[in-house]
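Put together the whole structure using the sequences plus the hints.
Sequences listed follow chains A and B, in order.
At position 292 of the first sequence (counting the first as 1) the number is 329 in our numbering, and the numbers step up by one without a gap.
At position 399 of the second sequence (counting the first as 1) the number is 436 in our numbering, and the numbers step up by one without a gap.
Errors might be hidden in some of the hints.
[Said to hold, decoys possible] Some, not all, of what chain B presents toward chain A, calculated at C-beta under 10 Å:
#1 Ile-257
#2 Ile-295
#3 Leu-395
I should point out that these hints are in silico values taken from the structure, not numbers from a laboratory.
Here a beta-carbon is modelled for each residue, glycine too, at the ideal position from N, C-alpha and C.
2 protein chains.
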Amino acid sequence: MSEAYELKEKIKDFLEIRDFKSLKNYLLEQNPVDIAEVMDDFGDKEFSLCFRLLPKELAAEAFVNMDSDRQKLLIDGLSDAKLKEILDEICPDDAADLVGEMPAGVVSRILKHTDPEMRDAINAILRYPKNSVGSIMTTEYVSLRRNMTVAEAIAKIRRVGVDKETVYTCYVTEQRKLVGVISVRAILVAQDDEILENLMTTECISVLTTDDREAAVEKIGKYGFLAIPVLDTEERIVGIVTVDDAMDVMETEASEDIAQMAAILPSEKPYLKTSAFRLWLSRVPWLLLLMISATLTSRIISSYETALAACAVLTAFIPMIMGTGGNAGGQASVTIIRGLSLDEIRLSDTLWVVWKELRVSLLCGLTLAPFAFLKVMYLDGLWREPDGVRISLIVSATLFLVVVAAKLVGCLLPLLVKAVRLDPAVVANPFITTVVDALALVVYFALASRLVPALAAGALPV
Amino acid sequence: MSEAYELKEKIKDFLEIRDFKSLKNYLLEQNPVDIAEVMDDFGDKEFSLCFRLLPKELAAEAFVNMDSDRQKLLIDGLSDAKLKEILDEICPDDAADLVGEMPAGVVSRILKHTDPEMRDAINAILRYPKNSVGSIMTTEYVSLRRNMTVAEAIAKIRRVGVDKETVYTCYVTEQRKLVGVISVRAILVAQDDEILENLMTTECISVLTTDDREAAVEKIGKYGFLAIPVLDTEERIVGIVTVDDAMDVMETEASEDIAQMAAILPSEKPYLKTSAFRLWLSRVPWLLLLMISATLTSRIISSYETALAACAVLTAFIPMIMGTGGNAGGQASVTIIRGLSLDEIRLSDTLWVVWKELRVSLLCGLTLAPFAFLKVMYLDGLWREPDGVRISLIVSATLFLVVVAAKLVGCLLPLLVKAVRLDPAVVANPFITTVVDALALVVYFALASRLVPALAAGALPV
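What follows is the structure, given as structure tokens:
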């Protein structure tokens, strides 16, 4: 991006002429996210120098947006007083993220310099399992009482709003139970003497701390919320998830799904910051497993070795049949997996899905079969061979059957995996391909060994 | 979801006993998104009945969340007065979406009943190309002047805020040019007599109407904004994109990428609402194209037909080699495509990417090769064959070379496609598989025909 580039060049210029005062004023005007991004590229010395010029609020905001390596470097280099200053400025959920990523020695130094209230909040968030709502919530929010007037509510928001991650949705509580939700917009546009109880929504849409974090993201997206309240098992409000964190989770989850569909173990770091060794670790297990599982296809082909030797031309179409089957199955599975993860498809829709895929697969098969026949006959030149028509028909019929089977396997497998409460994305494309490959070969050879005279005569599988 | 289910049952109960007054009161408490979701499942008669019970704000909010079929049904059934009432309540961007989806006759009826200001706004939004920032922005936002005091700003927000899609980020303008941005939070927590100029941020991060809509989503996500200002080419503010719309776009774009990686033409409707015919249309073109492109692999195999007949066991490992190559290439391409679409990888990183993939592919190849050798020797039983060791070595060496080549092709192809300004997602997995398949066969046969004595003796390609 040119913005980050410009920022970087300007900072470098100021550093070069050692005009720290102008640099400080310049940095004051910049967005902390950009500052963090640009500083990531700096050498350690320039980096520390820049960071020390930032006022504490900006420093804290830039800090939470940095790489964990850089954060560690900073914490190691900061005085206790400065560290405390920054920790006081950051939100409990960011602090919990930080603590989650630092080595033990750094963690104890961080916890030593946070006030007891923050320490409790960090511990509360860290206690929730990874990927739960509790692990992404913040414990800071604005709570109001139901008998407050609009004027009183505005006064309270103005007083406490400085510390809260989001002030735009306020929660009306009674003995820590959530009894209503009201937006700052609704408060602002109402008359001063109106009572909150008459303005608030009492049907509160919320999530539980133990829900999957995707549940919070889904609801925020569906209802267009800026934040969603998080309740504990006794229905007391313990925090909120804000829309900016929801967007981050949405992006991460989509990346994870995409990685898993491509047979990669997901990792949270961006590609360029992941070492070749880590990338290898995330890719080689599936490659190995799928390579070993190809033993199935080798076996099937070996058992028809004599047949293939007698009619070698059959071999030429194996890649086409397996490839088309794999693609057809992949289309179905990826569609279903995405639908499941967006909650557009549920397990109760299984019959509908199968019925729909059956029709789609019949249509696809009926379209592809004649083209396959023509391709094999004329493009691959089988019209010159003695059994040409027969073999073209076999290829075409196999293709039809394989497309139908592949789409049915492709839609059923993710639903089955979902039914046993595993993640459908991990069974995606490549695994389905292995199943479909085996099916395709069995159908192909079964048809060929019955219908090609040279094979039907005697060269049946050993 | 149980919430929607509960809502549906309750509405049905009220309808059954014809207690419309209680139904109305009940609906008043519900979220319009849920109402729209539940009403989608109702019969036409119940549907119209329910809708007429909703007060206009709720009706309008439910209306924009409905299926386009249902929206059409409603518009056809509404009186002119009621239609106008609803149109007056909805935001220009939702109105533009509506107009974009309705048939011509309905559109002219809609435009007849919107006031001139709204009509201009709708037309302005519709004029922007699909997928541009202009097409997803709303033209309603709160603008303030730089010399206003905090008290004056609050008074203005309270006065005009009723009509604005988002009031939480305000834009300071001067002759329609954007000179500053200030959050309602910053205004609320400041002193009454403070001047906005001293509180606002002057480094405004913005997008242009003609930018790709992903640019707006990316910036909103990166900076954690609730809205981003949209400027025209003369730097005048013409609208904003809000975070809820950004989340929708993010989800749609991820779904599109996923579909394209699986060789599906993306469609915007959810799976269960897409007809089998439409699904066929979105899937069959790629299947057909990839089937035809498999002519390449058929040709290669055919040209080695005599060799394969002489050493039939070679055929058994074709699926494993091609499959592993396809998986290895797919891992690289999917990673790079996702990185490009998240802007984590840029074209200028090409050399870095190639260097990283080269190392990863060497690591993967070196891991897989010995396993492949052992698998072929013992799992597939080649130790019993005369040329067993030799063939196992050939398979293992081919696999190594194919994994390296596949990863390099997999990372380079998306970058190349991006360089010529096309969408990298469309060249993904299946297309790369075709290239890698051909490469794999050529390497395999080249090695085999040189190293297996029976073949090297004479059975070279025709």
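What hints, given by number in increasing order, does this structure fail? Violated: none.
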